[in-house]
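Asks: For the protein sequence lines, the chains are A and B, in the order given.
Using the working numbering, you'd call the opening residue of the first sequence number 4 and step up by one each time.
Using the working numbering, you'd call the opening residue of the second sequence number 431 and step up by one each time.
Check the hints yourself; a few may be wrong.
Unchecked claim - Label-pair restraints from in silico Cβ distances:
id, chain 1, residue 1, chain 2, residue 2, range
1, B, Thr-697, A, Ile-428, 24 to 34 angstroms
2, B, Ile-959, A, Leu-68, 55 to 65 angstroms
3, A, Ile-297, B, Gln-513, 55 to 65 angstroms
4, A, His-461, B, Asp-819, 34 to 44 angstroms
What the hints assert, rightly or not - So, partial list: chain B residues that the calculated Cβ filter (under 7 angstroms) puts toward chain A:
id, residue
5, Val-518
6, Glu-608
7, Leu-619
8, Phe-620
The hints are simulated quantities; they were obtained by calculation from the structure and are not laboratory data.
Beta carbons are placed, not taken as given, at the ideal position from N, Cα and C, and that holds for glycine.
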Amino acid sequence: MLQSTLDGILNSLKVFQPEITLTVVLCLILILDLILKNRPKIIAWSLFVGLLITGYFLIQQTNGLTISAFENMFLVDPFSVYFRMLIILTSIFIVMFSMMSGELYNGKRKLGEYYIFVASATLGMFLMSGAGNLLMMYLAIELTSLSFYILSGYKKEVPDSNEASLKYLIYGAVSSGMMLYGISIIYGLTGSLDFININKAFQVSEVSFLPLVAANILMLVGFGFKISAVPFHFWTPDVYEGAPITITAFLSVASKAAGFAVLMRYFFTAYYNPVASALSGSIATLSGFDWNIIIAIISVATMTIGNFIAIWQTNLKRLLAYSSIAHAGYMLMGIVVLSNEGIAAILIYFAVYLFMNLGAFYIVMLIADKIGSEDIESYKGLGYKTPFMAVVLSIFLISLTGLPPTAGFIGKLYLFAALINHQWIWLAIVGVLNSVVSLYYYVKVFRNMFLKNIDEQHNEIKFNAPQIIVALLLVIPTLVFGLYFSPLVNLAQASVSILGLK
Amino acid sequence: MELQFLNIGILSWITFLPIVGMIIVLMLPKNKWNAIRWTSAIFTGIQVVLAVVIFANYNRALPGVNDINSFQFVEKVNWITVQSFPWVGKVDIDYFVGIDGLSVAMVLLTALISFIAVFASWNIDKAVKGYFALLLLLDTGMMGVFVALDFFLFYVFWEVMLLPMYFLIGIWGGPRREYAAIKFFLYTLFGSVLMLLVMLALYFSVTYVDPATGEKVHTFNMLLMMDPANYEPNSLLAGLHTFWRYIAYIGLFIGFAIKVPIFPFHTWLPDAHVEAPTAISVILAGVLLKMGTYGLLRISFPMFPDAMVYFAIPLAILGFINIVYGALVAMAQTDFKKLIAYSSISHMGIVVLGMAALNTQGVTGAVMQMFNHGTITAMLFLIVGVLYDRAHTRGLNEFGGIANQMPKYTGIVTVAFFAALGLPGLSGFISEAFAFLGAFQVFRWITIASTLGIVITAAYMLWTLQRVFLGSLPEKWKNLPDINGRELFTLVPLAIIVIFLGIYPSPLIELMNSSINHLVNFVSNGAGIPMPKP
């Protein structure tokens with residue numbers, strides 16, 4: 004008995020290498036920071052190397068491995084590997100951004116802790132993507148959120164940043180409380196916290212409908228908070244605007260990805276119907292509980308409200324905040340179809356979204372450091388002051404709109420393809436009309452950059468080589484995946500298998 | 431017939447040469463205006479040469495339309511392959527281009543108009559480098575739309591045009607350029623997202639059997655989408671005359687109708703035209719509008735013959751509204767450019783009416799009108815540009831007696847105006863006559879009512895001629911210089927084509943004849959119901 008438990012733990016540890024590495028790196032930089040006292044460059048580079056090593060171990064797991072570690076606490080399957088790769092890639096970019104951010108290095112701020120919390124947030128999101136147990140899931144979400152509460156308030160001297168932190172904390176606390184309540188109801192109904200066991204319990208016994216719906220709505224509050232879905236999105240604009248822009252970018256990509264990972268895993272696994280799912284590619288729900296209808300409604304609300312409010316924004320960070328709400332809405336459409344195609348579409352979308360959204364935030368950060376403002380008004384004539392960065396930003400915005408030949412188009416194409424193939428035509432129509440609306444506010448940005456103040460004298464704004472290289476690292480995939488997307492799609496389609504599902 | 435250079439077919443060259451030109455333009459220093467202009471001129475010039483080569487080598491007997499073997503200059507290369515999984519089939523997207531009688535005239539037109547547009551842009555004086563780079567990118571997008579035979583490729587080219595067009599209107603346009611540019615952008619995007627959904631629905635409905643593996647593969651190949659046998663039973667668009675097929679046809683129609691533009695989707699056009707710089711108006715009217723009608727002929731009709739016939743009468747009525755409404759509104763204009771813009775709407779209505787008839791004369795008239803309107807309207811916009819460059823106003827009522835002041839100019843204007851109002855002996859007459867002839871056999875009363883548009887067109891054209899060129903010359907225009915060499919160079923080739931095709935239209939008709947016969951038979955036979963009888 005003891006022997007088998009030990010064996011289980013040892014076997015689990017083997018597939019836990021990336022997380023162990025991350026933990027070790029976290030501890031190392033913590034100590035390093037104590038010894039070195041405020042040498043952020045060294046801390047940043049150590050974290051950078053640590054993340055690369057973690058990434059290396061993660062790539063070792065991309066062989067289609069499907070293992071449940073620590074008694075289903077943590078699941079290593081292609082789905083979680085894919086999400087963890089997205090998260091590690093985002094973290095690497097965020098560390099690079101942070102090293103270049105004038106906003107962070109301004110003043111006498113201690114930055115050691117900043118990188119430590121970036122590492123702990125990454126660890127938290129890793130655990131979220133693989134969590135197979137409600138308790139594990141809750142703890143991972145808390146680890147992530149706590150790190151982000153601190154990070155979003157990192158510009159201590161700026162009132163907005165304090166507001167962001169406090170707002171995020173309050174919303175986070177309330178929604179995690181609700182989620183906990185939901186978890187306890189689920190536990191009461193099924194007697195288990197393990198996704199797969201919950202599913203088994205649902206399969207054998209009839210569960211009363213009302214508590215089940217109530218529990219899941221409460222759970223959705225927690226998930227909705229993480230992915231900033233309407234109506235749980237109210238924190239997003241303020242936090243995105245107040246937080247350091249590197250953290251905003253981090254939140255908008257990695258945190259959202261982890262939220263989606265855990266949301267999808269929970270709903271797909273717990274309400275999986277193995278009998279009806281025999282049809283290839285579809286994932287049927289247990290009879291009587293069509294949770295995807297709730298998601299469809301949330302999806303429509305999220306993209307519509309996100310897009311329409313974005314139209315009136317004057318601050319670019321806030322605009323991107325609402326646009327990222329809208330993008331969460333698009334991606335939720337992929338869940339609604341309840342099929343591997345939908346999952347694959349979300350995975351593709353996230354990879355694309357990573358490059359284009361990080362890219363947009365990155366350019367906004369660089370430009371804010373130079374001109375001291377994130378207002379769309381202050382972007383007037385920018386296309387003539389720094390043509391390269393303005394064109395690159397335009398490419399990201401076009402990609403966010405979803406026009407070919409950029410990668411954003413491929414993301415949308417696969418989402419709509421999944422919807423059309425599963426005959427969710429009304430939802431597809433709502434989705435495409437929303438992308439037309441989104442064009443309007445993205446265009447505002449490049450209208451200001453290129454169409455305004457053409458005739459004035461322009462002082463050139465210069466950027467250094469590393470800044471340009473990072474921009475290229477983000478813009479090249481955005482263009483290449485738009486014209487040649489087979490590698491991305493192949494990878495995403497190979498990564499749809501969630502442990503516990505056929 | 432294979433025409434290749436460096437193992438790359440002529441259609442790829444003609445499509446992507448402007449991109450090469452764009453890259454060279456981008457590498458030139460930004461104050462070398464002449465180098466930038468001449469690079470653009472050379473690359474579009476080579477395009478014209480290639481277009482002539484295509485014209486000379488094009489086999490007039492092959493029909494094309496839905497038969498891959500009778501397409502010409504075909505290139506088909508695998509572009510994207512996504513391996514299959516148990517739950518999703520293989521995805522194969524080809525780079526697949528080729529031309530037939532429907533597209534060859536449009537390829538010639540695009541090459542010609544782009545070349546002329548470069549010279550019409552000669553006096554652009556702000557951000558010259560960006561202007562020509564975008565113009566060349568636009569050129570590639572337009573050419574690509576006409577040669578693509580894969581729906582995915584078609585869609586990519588279709589969308590690639592939007593952004594250059596937005597900037598070309600938005601940066602180099604008139605006072606209300608921002609409004610016009612965003613309006614154009616939003617309208618067109620709205621249409622094209624609907625097209626995207628229909629494209630996906632078609633994709634999931636159509637399969638072919640992969641000869642290598644024997645598995646069924648979904649495809650974006652347009653030619654396979656035209657064959658009812660390839661539709662999977664129980665798929666969304668299977669069968670004939672189903673609800674979803676009608677919806678898909680309407681979705682696709684809106685996408686194309688916005689581009690044409692067909693009433694009530696036309697309101698972006700006058701704004702875009704008025705604000706756009708001359709060369710961009712020329713491209714817009716000369717080529718972009720034709721994409722809408724081309725799309726209807728290439729995609730909507732052969733893929734949805736049932737819906738086409740079912741909606742033939744509404745389509746003809748829309749054509750009628752375009753003709754008469756466009757002409758009436760044009761009559762009320764006092765802005766020269768707006769007048770030409772509304773006359774475009776009216777003339778594109780003739781294309782719509784002609785193709786709604788779905789007989790050889792009607793469709794021939796429609797395709798000829800696409801070409802002829804492309805040349806005639808290009809002339810008209812160039813003419814407006816010439817006057818505007820000198821007088822800096824387009825108010826029709828501010829002019830008078832220009833004929834004595836600018837005699838050479840007036841000569842060219844007369845040719846263009848008479849061609850536009852359909853005077854026999856000029857190209858506009860032939861295509862309008864064909865279109866009305868075809869339409870009359872099917873929609874008698876609609877056609878009779880539509881001819882009213884011709885009368886109104888004659889009225890406003892002649893009235894404009896009178897207001898601007900005849901009468902007494904106001905004092906302030908006493909020193910307007912006559913048309914210069916560069917401007918003549920842009921107008922004269924078009925005038926020659928207009929006169930030549932007016933007297934001897936056979937070269938143009940021969941190009942498209944066999945394809946149109948084939949298209950008409952194919953669509954009528956595929957519909958399952960007869961065309962409505964008068």
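Asks: Evaluate each hint against the coordinates.
Replies: Hint by hint, here is what the structure shows:
About 28 angstroms separates the C-beta atoms of Thr-697(B) and Ile-428(A), a value consistent with the hinted range of 24 to 34 angstroms. Taken as a hint, the range 55 to 65 angstroms holds for the pair Ile-959(B) and Leu-68(A), whose Cβ atoms sit roughly 58 angstroms apart. Hint check: Ile-297(A) to Gln-513(B), Cβ distance near 34 angstroms, so the stated range 55 to 65 angstroms is violated. In this structure, His-461(A) and Asp-819(B) break the distance hint of 34 to 44 angstroms, their C-beta atoms being roughly 27 angstroms apart.
Hint status for Val-518(B) relative to chain A: holds, with the closest Cβ pair at about 6 angstroms, below 7 angstroms. Because the smallest distance between the Cβ of Glu-608(B) and any Cβ of chain A comes to about 6 angstroms, under 7 angstroms, the interface hint for this residue holds. For Leu-619(B), the suggested interface contact is upheld, since its CB lies about 5 angstroms from the closest CB of chain A, less than 7 angstroms. Annotation: Phe-620(B) was flagged as interfacial toward chain A, and the flag holds, the nearest CB pair being 5 angstroms apart, inside 7 angstroms.
When held up to the earlier numbered hints, the structure conflicts with 3, 4 and fits the remainder.
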